[in-house]
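Visitor: Residue-level listing of the chains:
Number of protein chains: 2
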Amino acid sequence: MTSPQRAPGGFPVVGIIGGGQLARMCQPPAVNLALTLSVLSESADAAAALVVPSAPVGSHLDVEQVLAFAGDCDVVTFDHEHVPAEVLRALVDAGVPVHPKPEALRFAQDKLAMRERLTELGVPCPAWAKVHDEAELAGFGDRHGWPVVLKTPRGGYDGKGVRLIDTAQEAADWFARGGELLAEERVPFSRELAVLVARSPSGQAAVWPIAQTVQTDNICTEVLAPAPELDPELAARASQDALRLAGELDITGVFAVEIFEIPGADGTAPSYVVNELAMRPHNSGHWTMDGSVTSQFEQHLRAVLDLPLGDVSPRAPWTVMGNVLGGDYDELYPTYKHLLARDPGLKVHLYGKGVRPGRKIGHVNVYGDDLDALRERARHAADYLEGTVTE
Amino acid sequence: MTSPQRAPGGFPVVGIIGGGQLARMCQPPAVNLALTLSVLSESADAAAALVVPSAPVGSHLDVEQVLAFAGDCDVVTFDHEHVPAEVLRALVDAGVPVHPKPEALRFAQDKLAMRERLTELGVPCPAWAKVHDEAELAGFGDRHGWPVVLKTPRGGYDGKGVRLIDTAQEAADWFARGGELLAEERVPFSRELAVLVARSPSGQAAVWPIAQTVQTDNICTEVLAPAPELDPELAARASQDALRLAGELDITGVFAVEIFEIPGADGTAPSYVVNELAMRPHNSGHWTMDGSVTSQFEQHLRAVLDLPLGDVSPRAPWTVMGNVLGGDYDELYPTYKHLLARDPGLKVHLYGKGVRPGRKIGHVNVYGDDLDALRERARHAADYLEGTVTE
Numbered sequence: 001m002t003s004p005q006r007a008p009g010g011f012p013v014v015g016i017i018g019g020g021q022l023a024r025m026c027q028p029p030a031v032n033l034a035l036t037l038s039v040l041s042e043s044a045d046a047a048a049a050l051v052v053p054s055a056p057v058g059s060h061l062d063v064e065q066v067l068a069f070a071g072d073c074d075v076v077t078f079d080h081e082h083v084p085a086e087v088l089r090a091l092v093d094a095g096v097p098v099h100p101k102p103e104a105l106r107f108a109q110d111k112l113a114m115r116e117r118l119t120e121l122g123v124p125c126p127a128w129a130k131v132h133d134e135a136e137l138a139g140f141g142d143r144h145g146w147p148v149v150l151k152t153p154r155g156g157y158d159g160k161g162v163r164l165i166d167t168a169q170e171a172a173d174w175f176a177r178g179g180e181l182l183a184e185e186r187v188p189f190s191r192e193l194a195v196l197v198a199r200s201p202s203g204q205a206a207v208w209p210i211a212q213t214v215q216t217d218n219i220c221t222e223v224l225a226p227a228p229e230l231d232p233e234l235a236a237r238a239s240q241d242a243l244r245l246a247g248e249l250d251i252t253g254v255f256a257v258e259i260f261e262i263p264g265a266d267g268t269a270p271s272y273v274v275n276e277l278a279m280r281p282h283n284s285g286h287w288t289m290d291g292s293v294t295s296q297f298e299q300h301l302r303a304v305l306d307l308p309l310g311d312v313s314p315r316a317p318w319t320v321m322g323n324v325l326g327g328d329y330d331e332l333y334p335t336y337k338h339l340l341a342r343d344p345g346l347k348v349h350l351y352g353k354g355v356r357p358g359r360k361i362g363h364v365n366v367y368g369d370d371l372d373a374l375r376e377r378a379r380h381a382a383d384y385l386e387g388t389v390t391e
Numbered sequence: 001m002t003s004p005q006r007a008p009g010g011f012p013v014v015g016i017i018g019g020g021q022l023a024r025m026c027q028p029p030a031v032n033l034a035l036t037l038s039v040l041s042e043s044a045d046a047a048a049a050l051v052v053p054s055a056p057v058g059s060h061l062d063v064e065q066v067l068a069f070a071g072d073c074d075v076v077t078f079d080h081e082h083v084p085a086e087v088l089r090a091l092v093d094a095g096v097p098v099h100p101k102p103e104a105l106r107f108a109q110d111k112l113a114m115r116e117r118l119t120e121l122g123v124p125c126p127a128w129a130k131v132h133d134e135a136e137l138a139g140f141g142d143r144h145g146w147p148v149v150l151k152t153p154r155g156g157y158d159g160k161g162v163r164l165i166d167t168a169q170e171a172a173d174w175f176a177r178g179g180e181l182l183a184e185e186r187v188p189f190s191r192e193l194a195v196l197v198a199r200s201p202s203g204q205a206a207v208w209p210i211a212q213t214v215q216t217d218n219i220c221t222e223v224l225a226p227a228p229e230l231d232p233e234l235a236a237r238a239s240q241d242a243l244r245l246a247g248e249l250d251i252t253g254v255f256a257v258e259i260f261e262i263p264g265a266d267g268t269a270p271s272y273v274v275n276e277l278a279m280r281p282h283n284s285g286h287w288t289m290d291g292s293v294t295s296q297f298e299q300h301l302r303a304v305l306d307l308p309l310g311d312v313s314p315r316a317p318w319t320v321m322g323n324v325l326g327g328d329y330d331e332l333y334p335t336y337k338h339l340l341a342r343d344p345g346l347k348v349h350l351y352g353k354g355v356r357p358g359r360k361i362g363h364v365n366v367y368g369d370d371l372d373a374l375r376e377r378a379r380h381a382a383d384y385l386e387g388t389v390t391e
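Heads up: the sequence lines are chains A and B, in that order.
The C-terminal position of the first sequence is numbered 391 in UniProt numbering, with every residue numbered one higher than the one before it.
The C-terminal position of the second sequence is numbered 391 in UniProt numbering, with every residue numbered one higher than the one before it.
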């Protein structure tokens, strides 16, 4: 394994475990800031391995490989939340600065632990319970109403590990696998929002304007920033809760709090509950790459290095992000050429991934004054790259 | 030499000859656009080699090395203008698309050829003459006034290869080396401006708002974009001339036309003359990295690939760029930390280069509404990194 090359002048190496698009998107700000990235990649053609000179292939599950990798880094962070506790522990025991820290990361890896901690802290959550069998689930459903949202505590993303259950019997297959599950009431939400926060080891924190995320088939397809017509009190409360959470859980780096907005009855003020925590740069924050003074990827690098955080102001009245999913075109380049011609202001971010149906392969950002026009442009661009519109 | 890895989907490889900061700054937009760069680098620790996975070490003077390098690329472009004509010719003969083309690049490499062509095209130039000896120089000086600006036709940059001459005798050493020199009248200019243009092989062209460049000891230290209080007619004429030049010379890629603004006598409109041509992304265009919808580096990649060009609108009323020169601090990282704390909105771009006094090692951009405040911030940041102010 060749050591990563540092920029002269005392500049550090940031190690990222996992070579997906989040690691990849750290490379542009790293170039600007003269930080060197080193990425422990799943494969030699991983998204980040295509763009970072030091991208050794190795597994995040292998303690020896991870320790060897970390030996060249000044700090280690993550592209995903799937690094096992024992690997994290070994890194900490070896004296490697790890951000977010394992103690905090646990609350993003284990949804039951997250619900317990958030409830202790008085952060709004849906009604929830730990359930071990159909009888406990039936009791929860009878108390809080059906259908129930049932979640595996670990390993879910993009709607995986989450089911809507109408009767306890439907969950028999999951209970048959053993272990505990998380039952949650189905919240009558009006929309989904995301609070994006950065916090550094020395405790400096910053929160971007809250964004609205639009999901289609449980995958985020669109983000509007800032969230249109958001109740200012809800925004302030949710931002304060996210900052408080950051402090209480000692979260470091960029993280996202996904929340449900719940309409107030009869014109009263809306409220919210926390849906999920993600302790890494997040899809809901991709708008910041073109829409904020400091992008979430630059901020994450600053935060994990305990550098002063950057300005999180938006750069335009509205920024809209559209996720690009794999679709009909394997040969994306000709399609993308046409798209660049159609919209010279479109900011395209592709991940260097092969197309598979439904796979996130990139996103687009547009910004400006007219939200409806921006949504149309982002939607069109994403659909065009996916192949669902052809002109 | 390992081949550069392409992104799947038909995405191309852009080869850049020379591994300096201009090649380095192409990497962030290349990441976003899923374009792969391959950089023929002077050394393994060249600015671009630190951030691009494919950065073979080789010389731009060696035809075999350049041809082997180009074999993996879909198009070849340049970090600098010093590639010899015979190497360029060999690339073209081998069927490699080269942008800018050798026929155009000649006018950036040879200032005499540039003056001849511009004069033919009716583009405003200072009075000039090709001079072979002291007698011819003396004749020119007597006709157009002393001092005379004397230039070597080739190889100059940042004030090198340019002298202000008070008497013909002073130039004896240059004439002793043989060959022809370019004599130019010393223009009574009020300030220096730069017209930044991009043009693609299929002829699409775009011009950014004209910027003002501020020089200190013949090195650009500050750029203001757009140029404050610029006469709109002069701006339109200079932009049109630059676009016309692009077409007539068949220039491809990003290029800069450096011009002198000449105040009108007694309140009449100002005029301008062309000082230099640079056929590559240019220091005067670094403001576009944070100040324009499309940066000059993204645009250069689009142009040389004949992709549709991006929007060149400014993103803020004013953007100010400050060049960071090497100074007192070898260990730049601690200094930079303090600076990030002082100004959270500062956009820092460092080149990964070791500090040498006077060497360009980075730049900063700031943008906003208040030009004077922006200039102060950019100036302070550059001075602080250089070590000439300490708080």
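Just to be clear, a hint being listed does not mean it is correct.
You can't tell identical chains apart in this list, so a pair holds if it fits in one copy or across any two.
Claimed, not checked - Quick list of in silico lysine to any residue cross-link-like pairs, SDA-like style, CA-CA up to 20 Å:
| # | residue 1 | residue 2 |
| --- | --- | --- |
| 1 | Lys337 | Asp311 |
| 2 | Lys337 | Pro314 |
| 3 | Lys160 | Val389 |
| 4 | Lys337 | Ser200 |
| 5 | Lys337 | Pro97 |
| 6 | Lys337 | Asp306 |
| 7 | Lys101 | Arg186 |
| 8 | Lys160 | Glu276 |
| 9 | Lys160 | Leu112 |
| 10 | Lys151 | Val57 |
| 11 | Lys160 | Pro263 |
| 12 | Lys130 | Arg342 |
| 13 | Lys101 | Gly178 |
| 14 | Lys130 | Pro357 |
| 15 | Lys337 | Asp74 |
| 16 | Lys337 | Val312 |
| 17 | Lys360 | Gly179 |
| 18 | Lys101 | Ala172 |
| 19 | Lys151 | Pro226 |
| 20 | Lys360 | Gly10 |
| 21 | Lys360 | Pro8 |
| 22 | Lys360 | Ser202 |
| 23 | Lys160 | Glu120 |
Simulated from the structure, these hints should not be mistaken for lab results.
Visitor: State whether the alpha carbon distance between Lys160 and Glu276 is at most 20 Å within one copy, between copies, both, or neither.
Guide: Answer is within: at 13 Å inside a copy they meet the 20 Å cutoff, but 60 Å across does not.
Visitor: With 20 Å as the alpha-carbon cut-off, assign the pair Lys130 and Pro357 to within, between, both or neither.
Guide: neither (35 Å within a copy, 64 Å between copies)
Visitor: 20 Å Cα cut-off: does Lys151 pair with Pro226 within a copy, between copies, both or neither?
Guide: Neither: 29 Å inside a copy, 55 Å across copies.
Visitor: When no copy is specified for Lys337 and Pro97, does a C-alpha distance of 20 Å or less occur within a copy, between copies, both, or neither?
Guide: between (43 Å within a copy, 18 Å between copies)
Visitor: With identical chains, the pair Lys337 and Pro314 could be close in the same copy or across copies; at 20 Å between alpha carbons, which is it: within, between, both, or neither?
Guide: neither (29 Å within a copy, 23 Å between copies)
Visitor: For the identical chains here, do Lys160 and Pro263 meet the 20 Å Cα criterion within one copy, between copies, both, or neither?
Guide: So Lys160 and Pro263 fail the 20 Å test inside a copy (27 Å) and across (68 Å) alike.
Visitor: Tell me, please, which holds for Lys337 and Asp74 at an alpha-carbon limit of 20 Å: within, between, both or neither?
Guide: Answer is between: at 16 Å across copies they meet the 20 Å cutoff, but 40 Å inside does not.
Visitor: Using 20 Å as the alpha-carbon threshold, which applies to Lys101 and Gly178: within, between, both, or neither?
Guide: Answer is neither: 29 Å inside a copy and 68 Å across each miss the 20 Å cutoff.
Visitor: Is it within a copy, between copies, both, or neither that the alpha carbon of Lys337 lies no farther than 20 Å from that of Val312?
Guide: between (32 Å within a copy, 18 Å between copies)
Visitor: Checking an output row: Lys130 and Arg342, CA cutoff 20 Å. Within, between, both or neither?
Guide: neither (51 Å within a copy, 48 Å between copies)
Visitor: At 20 Å max between alpha carbons, let me know whether Lys360 reaches Gly179 within a copy, between copies, both or neither.
Guide: neither (31 Å within a copy, 60 Å between copies)
Visitor: With 20 Å as the alpha-carbon cut-off, assign the pair Lys151 and Val57 to within, between, both or neither.
Guide: neither (32 Å within a copy, 53 Å between copies)
Checked against the numbered hints given earlier, this structure breaks hints 2, 3, 7, 10, 11, 12, 13, 14, 17, 18, 19, 22, 23; the rest are met.
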